[in-house]
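Which chain is which? The protein sequence lines are U and Y, in order.
Under this note's numbering, the letters of the first sequence match residues 1 to 245, in that order.
Under this note's numbering, the letters of the second sequence match residues 246 to 488, in that order.
Derived by calculation from the structure, the hints in this document are not laboratory data.
For each residue, glycine too, the CB sits at the ideal point set by N, CA and C.
Be a bit skeptical, because a hint or two may be false.
[Claimed, not checked] According to the in silico footprint, chain U covers these stretches of chain Y (three or more CB under 8 Å from chain U):
1) 278 to 284
2) 341 to 354
[Said to hold, decoys possible] If you anchor each label on the Cβ, the simulated ranges turn out as follows:
3) U:Leu121 / Y:Leu409: 34 to 42 Å
4) U:Ala129 / Y:Asn317: 48 to 56 Å
5) U:Val33 / Y:Asp263: 53 to 61 Å
6) U:Asp20 / Y:Thr366: 46 to 54 Å
7) Y:Arg302 / U:Arg4: 46 to 54 Å
8) Y:His432 / U:Ala167: 40 to 48 Å
[As the list claims (entries may be wrong)] Derived, one-sided and incomplete: chain U residues facing chain Y with beta-carbon distance under 8 Å:
9) Arg12
10) Gln16
11) Lys21
12) Met26
13) Gln45
14) Ser79
15) Gly80
16) Glu83
17) Arg84
18) Leu86
19) Pro89
20) Gln130
21) Glu203
22) Thr239
23) Arg243
24) Ala245
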Amino acid sequence: MSPRLTLLTAARILRQLRHDKRTIAMIIVIPTVLLTLLRYLFEDQPLIFDRIGLVMLGVFPLVIMFLLTSVAMLRERTSGTLERLLTTPIGKADILFGYGLAFAVAAAVQGVIASVLAYWLLGLDTLGAQWLVIVIAIANAVLGVALGLFFSAFANSEFQAVQFMPAVILPQVLLCGLFTPRAAMATWLQAISDVFPMSYAVEALQEVGANVDPTGRMWRDVAIILGCVIVALAAGAATLRRRTA
Amino acid sequence: MEHAVEVRNLVVRRGTNDVLRGLSCTIAKGAVTGLLGPSGSGKTTLMRCIVGVQKIRSGTVEVFGEPAGSRNLRRRMGYMTQAPSVYADLTVRENARYFASLYGIGAAKADAAVSDVGLATAAGQLVSTLSGGQRARASLACALVSQPELLVLDEPTVGQDPVLRNELWDRFRALAAAGTTLIVSSHVMDEASRCDRLLLIRAGDLIADDSPAAVRQAAGTDDLDEAFLRLVLARDEEKAGAH
């Protein structure tokens with residue numbers, strides 16, 4: 001792996017994004033609109049917004065980034081540019097981590113804007129520090145990036161790629177502890193929930209929501225999220241085949 | 246003459262269909278080798294084997310004495326795929342500069358490659374706004390940009406007007422004169438006469454491997470289109486006779 005080639009590739013992907021103004025607008029606008037809807041849905045119950053809005057700050061960017069990156073990587077493959085890249089000196093990990101880095105930048109912009117809006121315009125209230133929520137929201141978006149890049153390897157078309165969202169992300173949303181606390185689930189559901197990365201993403205946010213100071217459990221959850229990101233990116237690189245039929 | 250590429254008993258199977266059936270050939274250094282044959286004959290597959298992105302069933306492909314696809318070879322090769330493989334949402338210049346940067350080559354040389362294919366005035370345009378012929382040239386610029394020792398170009402002149410096609414062939418000839426090895430596929434026979442050597446491929450078999458003049462002589466006609474047809478028919482008769 002070469003840091004120089006990874007950075008060059010990330011810069012190229014950001015340049016591509018820059019030419020696509022509508023996508024940039026959607027990255028910024030979609031989570032802010034959804035959070036606003038949520039806020040007014042619970043207009044008389046600010047405590048519920050504090051609970052659900054906080055979790056959604058982690059879930060929305062994860063979902064959006066998952067979709068964006070799985071389609072972006074698929075385009076790289078179907079346009080023939082991936083085949084050409086694989087005949088140049090660049091390594092497979094450089095390509096995957098370049099994508100990860102570029103969309104992490106987009107995710108950071110999205111996470112910061114959504115969090116700022118949630119705190120200062122929608123009146124979100126957490127016991128813990130706001131910057132921690134922002135950091136975890138960004139980490140969740142990066143998790144979405146890594147999962148999207150990995151699962152796009154199993155899609156041959158856009159039709160298949162977009163269906164990985166309900167297949168991969170929705171079960172995680174159902175079992176992440178938002179609808180039923182994880183401790184109250186049947187044992188086998190808990191076991192599934194335990195291996196879903198989003199469970200830790202949501203738990204980390206809940207820890208900040210309920211504790212003034214950062215807890216050990218929160219740091220552990222953040223470490224698990226970052227571990228999942230690295231594993232998914234490395235696995236994504238491993239599934240890229242230089243030689244194809 | 247030294248060989249840039251050596252292919253021995255190459256078999257590529259896709260599904261139950263043999264795309265290349267035990268093909269052997271050598272490609273000379275510093276020359277333009279034309280890969281000719283109808284669509285579906287295996288030209289692209291052979292090129293993909295040479296650049297090392299094709300799964301091979303059996304046989305060997307060596308480039309500059311190393312197995313095709315070796316890490317070291319990737320610095321020495323440029324590949325242009327048949328469908329223009331450039332980023333549609335980048336400008337021509339941004340594409341060339343990105344591919345140049347992968348070889349550690351600076352922006353000035355990338356911009357020169359864009360001018361070389363006649364796209365200087367469109368350099369700031371997004372590839373998605375270009376015509377098909379311009380897009381193909383943008384893709385060609387990205388293969389030329391690293392000044393490789395071996396250029397593998399899959400139908401580089403499709404969709405180009407005759408004047409431009411002529412200019413591109415002048416450039417290919419100049420590159421070969423300077424020592425670059427070029428493998429160029431085409432199904433336009435008038436381009437074949439500008440090659441040093443021709444490989445005629447049909448249904449995964451090599452049916453001729455000779456200079457354009459020798460191909461003409463063997464077939465007994467000056468028209469390469471006609472020569473190709475005669476060679477194919479002669480081969481079919483030979484096969485029918487063998488059965």
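Quick rundown of the hints versus the structure:
{"no.": "1", "hint": "278 to 284", "in the structure": "violated (count 0)"}
{"no.": "2", "hint": "341 to 354", "in the structure": "holds (count 5)"}
{"no.": "3", "hint": "U:Leu121 / Y:Leu409: 34 to 42 Å", "in the structure": "violated, 57 Å"}
{"no.": "4", "hint": "U:Ala129 / Y:Asn317: 48 to 56 Å", "in the structure": "holds, 51 Å"}
{"no.": "5", "hint": "U:Val33 / Y:Asp263: 53 to 61 Å", "in the structure": "holds, 56 Å"}
{"no.": "6", "hint": "U:Asp20 / Y:Thr366: 46 to 54 Å", "in the structure": "violated, 24 Å"}
{"no.": "7", "hint": "Y:Arg302 / U:Arg4: 46 to 54 Å", "in the structure": "violated, 37 Å"}
{"no.": "8", "hint": "Y:His432 / U:Ala167: 40 to 48 Å", "in the structure": "holds, 43 Å"}
{"no.": "9", "hint": "Arg12", "in the structure": "holds, 5 Å"}
{"no.": "10", "hint": "Gln16", "in the structure": "holds, 5 Å"}
{"no.": "11", "hint": "Lys21", "in the structure": "violated, 11 Å"}
{"no.": "12", "hint": "Met26", "in the structure": "violated, 15 Å"}
{"no.": "13", "hint": "Gln45", "in the structure": "violated, 44 Å"}
{"no.": "14", "hint": "Ser79", "in the structure": "holds, 6 Å"}
{"no.": "15", "hint": "Gly80", "in the structure": "holds, 3 Å"}
{"no.": "16", "hint": "Glu83", "in the structure": "holds, 6 Å"}
{"no.": "17", "hint": "Arg84", "in the structure": "holds, 5 Å"}
{"no.": "18", "hint": "Leu86", "in the structure": "holds, 6 Å"}
{"no.": "19", "hint": "Pro89", "in the structure": "holds, 5 Å"}
{"no.": "20", "hint": "Gln130", "in the structure": "violated, 35 Å"}
{"no.": "21", "hint": "Glu203", "in the structure": "violated, 38 Å"}
{"no.": "22", "hint": "Thr239", "in the structure": "violated, 15 Å"}
{"no.": "23", "hint": "Arg243", "in the structure": "holds, 5 Å"}
{"no.": "24", "hint": "Ala245", "in the structure": "holds, 5 Å"}
Hints 1, 3, 6, 7, 11, 12, 13, 20, 21 and 22, counting from the list given before, are not met by this structure.
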